[in-house]
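Peer 1: Here's the letter readout for the chains.
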Amino acid sequence: MNARDSGLTFLDRPNSYIGRSVPRPNARRLVMGRGTYVDDIRLPRLAHIAFLRSPHAHAKIRGFNLDAAKAAPGVIGVFTGADLAKVCTPWVAVLSHFKGLKSAPQYALPLDRACWTGEAICAVVAETRAQAEDAIALIEADLDPLPAAVDMEAALDPSTPVIHPELGDNLAFERTLDVGDVDTAFRNAAAVVEQTFQIGRHTGVTLEPRAILADWNDGEEKFTIYHSFQAPHMMQDIVCKHLDLPEASVRVVCKDVGGSFGIKVHIYPDEMATVAIAKILKRPVKFIADRMESFVSDIHARDHRVKGKMAIAADGEILGFEIDDLTGIGPYSVYPRTSAVEANQVVNLTGGPYRHKNYRARARVVFQNKVPMCQYRAVGHPIAVMVTEGLIDLAAAAIKMDPAKVREKNVIADDAHPSVAASGIKFEKLSHQQSLKKLLSMMDYDSLRKEQAELRKKGIHRGIGIATFIEITNPSAAFYGVGGARISSQDGCTLRLNPQGGVIASIGVTEQGQGTEAVIAQVVATAVGVPLSDVRVITGDTDTTPYGGGTWACRAAGIGGEAAWQSGKALRENILEVAGVILQAAPGTLDVRDGKIVDKANGNERMPLAELGRVAYFRPDTLPADLKPEFVVTRHYVPKDYPFAFTNGIQASYLEVDTDTGFVKLLKHWCVEDCGTVLNPQLVDEQVRGGIVQGIGAALFEVCRYDENGQMLNATMADYLVPMASEMPDIDVTHVVSPTASSELGAKGAGEAGTAGAPAAVVNAINDALSPFKANVAAQPVTPQDILKAMGKV
Amino acid sequence: MKASEVGYAKPASLPEVFALLEKNEDARLLAGGQSLIAGLNMRLSNPTLLIDINGIAGLNTITESGGTIRIGALTRHLDLGASPLIAAKLPLIAKAVPHIAHMAIRNRGTIGGSLALSDPATELPACCLALNATMTAASSKGERKIPVKTFFKGLFETDLKQNEVLTAIEIPLPAAGSLSGFSELVRRHGDYAIVGLAAQGVRKGSSWSQLNLSYFGVGDHPVLAANASEALLADKSMADAQAVLASDLSPSEDAENSAATKLHFARVLLGRVVASMS
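Residue numbers (the working numbering), protein chains in the order written: chain C, 1 to 794; chain B, 1 to 278.
Only chain B is shown next, with the shape it has when bound in the complex:
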């Protein structure tokens, strides 16, 4: 299918973006375009204006300061995966990036686009949840910090307002000795995950002192499995943790898998991912 006629603007600064957003209520921001353009071609949405933010300087840097890693929203998946800083300080993200779709998509797609789209079966939203990230949303009124726990609102829905631009993702440096684990089940490499788990925690000896289990593909947006992590923090067995997952997750069926199968997959992943964190 071919997209309907749509306006296009490529501003050079954020204030220009804000002005365009305020003037055009159904405008859409164009970052990597890996979901947006396909959606336009499939006529799933019909905005009047695309605001291309690729010409805005300074949105694609990864920096560390004051115990925080700041990732510019325009950072492409490929650059995220290749960043030595990310590899050293946020290995969870480095582990997740190779699972994001295919090379051609990683080459263009951005972390900001992925988070703003909030596809429930994608990797980076779950990583940000596991890592307790904070989103920076900018508008003509200034910057607003949104904790990840309130950022994801529903299926393809976030706390971002129409006049806001997601400009950066800030992630606190994990405590020393932190461990991360990532795995997802896909029929073919690069597919949307059937079920995935991004985990970040701290273990002292054989006991967990901190553990975030961030599941994706099991709800409208990534979900923290609080009861399962509580069970593990309380030194209960893996089987106990797997059993209580049913109270954390209520996946819905997909074309191939029933809800029960997806819960089974989530349990298997829990065992495997936690075992891999050493």
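Okay, chain C solo, but in the shape it has when bound:
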């Protein structure tokens, strides 16, 4: 790659920052408390909003008595669904490539019906948030509770109320797939294993909650919307569409964002209500979700029940998989990405690392009166990986083969690519064999097995769990665009060389705290040839950055990085053209390194960039008339040759089960991951670690518990258990590097790998520890009581 540089790659460039763990340029600012999150923004005439939220899972809204609330101190306005419907049109979250997907119109505030506990049904705007909350308490809401559909297993029963009668039933979407000859494969198997896996409903607990500040300036008829969000251009487009505004009237600015994990890439009714109300009031209005309301209004994730079956031959060959997935998505498909994606991914990904050719799948997506469910970090992956890897361990036990050996025998060979999985997904280049080999040596698998056996004799029960995974990254338009969603899969990067030699990079991908700005700065500094400290990166502003998709599905480094790389190379060429004229040298003999024009052959300095800038900007009269220095360049990138750049990896967990209490102590976790070119090893490793911790959360801790009436029972930080540092094991991360040939950089995504594989590794390790007791658990999160029950102790 990058053959024009005398066969050297970017890694060989003398001042390459790529592949180095340089510090994040924004870390110091954030650590010093000098970040700008939405709640830090104070505007003149700023008003604050609070919402009355439905106490019922399903209720008819008969009306409100708002008199006392309107008269309360500090109150500026009180709004209901009917008020907002005049300025903001409803949406229906369906996409044409999910055939049959249906949903109902959703309004900024509902007109006559609340469909989940926590749904905003009325808004109060006041001088302070506390005053708005005081007034909320004074609203008399006349609500008539309706029967609720809560249990997803019963969603399709005739006795269960249909949430949207006009849709006919509670089935939002169904997909089936039947590849090869599954029945014959199962008939000929040495063993067929079956398990029903429950993946609990949980949510992404961001450090900074959802936040939006909408400022309608009536003087210029323009919105400036400060938003804690992943995809500013998407938000701009949607505000334009539903508030009937031209593009030029809406600017969305996403400054610092305190974590998102997919939570902040969806359209939320309370946020659209805030925008609509700002327009009505003609003043800035701010909504900061507090932790309590976040639990019942941020999207939830997962909530799958998968019945899985796998056939295996006596020699360990996997013959086929069959799965039946059921998932509950709340009362609406979430706009605009829809809530069919996760089930669709489960179908696509299950069995994906392996060579088998027989696969039957069904996925059903049902409505229920709970918080809407949508995409959260590693959409579908941890479910598919749990089902696949859980079944493999059961099958390995059934034929008495070491679970690592079964994987070794069945993974798609490293030299078999490009390849196509049974589900039809395409792999450009994966490294399952190398990764497995590396993992087993890194964890010293054989010694660990010996230690396990020794300790078992002493009544200490440790378990080893392995999980191979694949991950969807660098999505093309195949993800959303082809289905009609106006979500950009391309991204652009604009670079500007300033007179002193500094470079401003503005880019469509966004910073959520994961290090996008650092990676983009590294790529730009390397491509142009300037010190890292001379690059300033601007993200998250629809007015000043090139149009782009933002951050989701692991695309910031892979797609944004490539746009930055191409843009940087183009700027360097433009610089060298001007330098060649000034220095009377052929541009091809020169290079830009560390902020200086040098002779390419020997690196001797010819001129600092600042001198070039001085001449070009302030003394253009000294340059030939036909030379037109172009020091602003833009390049775009979109992956085209594959719908997604799949990555792969493998994880292992080592843990100890206290067989008296059922408590699990995590001892160690390993991950080998292949995201192609590693742009910043530390950022990649920490992404993997953070992802693993979130996966461990799903495996052991996190779940939104509901009662039979649709009330969430644990909507506080004391009761909803996010994983915390004290309980986390040391996590060793290493890499195999298989760059994608779709881009010059060769980088793929790494943000979701940890979350994809960790739950299966942990649950498999628990079951491995429990194997002497013939006990097995398959419902996440696995609690101590679940383990005690499986062992027959309670």
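It is worth saying that the hints were derived from the structure and are not from the lab. There's no promise every hint is true.
Example chain C residues on the side facing chain B (calculated, C-beta under 7 Å, incomplete) [unchecked claim]: (1) R129; (2) A130; (3) T589; (4) T659; (5) T661; (6) L721; (7) E727.
For glycine and all other residues, C-beta sits at the position ideal for the given N, C-alpha and C.
Dock chain B against the given chain C, drawing on the hints supplied.
Peer 2: Structure of chain B alone, referenced to chain C:
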């Protein structure tokens, strides 16, 4: 959420506190504020006045005299845990303190606040029960001593009256050769206990001559497992003691655990804590 408007006073002496309490029936005392302020923000209560007692001198000392350790009610968890006197004379408390929530909370939270709140799943009320503490409640009418056995009345309910301030906790020095043990089951370090046990006893040879088994997380307030301790005092086996725990404790289920699971946990803790007391 943001708290509703609330009045605030920071008196410098106890008589001023008493006067404010008498004038404002729904006033709340603000000590460490680690539960109270969160509760106000969540709008769980709506007092008209907070009486900040942090400016009152002499409420945060730990002293020993006449066979009693006196702990000022404003003593912060952190100071309690760092006190050499507590470590030497009341090791049960020293063992319990690191389990109280997280550093930031231990830094502000007070023993008086913890006892007056009487959260059923917290450590210090159970320790005070195991150690046979006496509470000092002060009001304009003078001081009143409340034995720990009558102090805890119900869920978040104590014998303290609205016009009283808990000023000190007095703990008799344990007999020479006393042993203590502490353990709790939590999903994450610092969480409220699912089940916990604070135990204090005296053993002669292999026999117990005194044993207080104070459980928390299993009822409305800490509970002494009298039958289980009687079984152990009578030299019965641990299995026998674990079996009779069912007659001592009637835990209610929580979001994750059934009552039966919690009883099972209590039995496991009994075995482990008593075994650790040596």
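Peer 1: Hint by hint, which ones does this structure get wrong, listed from lowest number up?
Peer 2: Per hint list: 3 and 4 violated.
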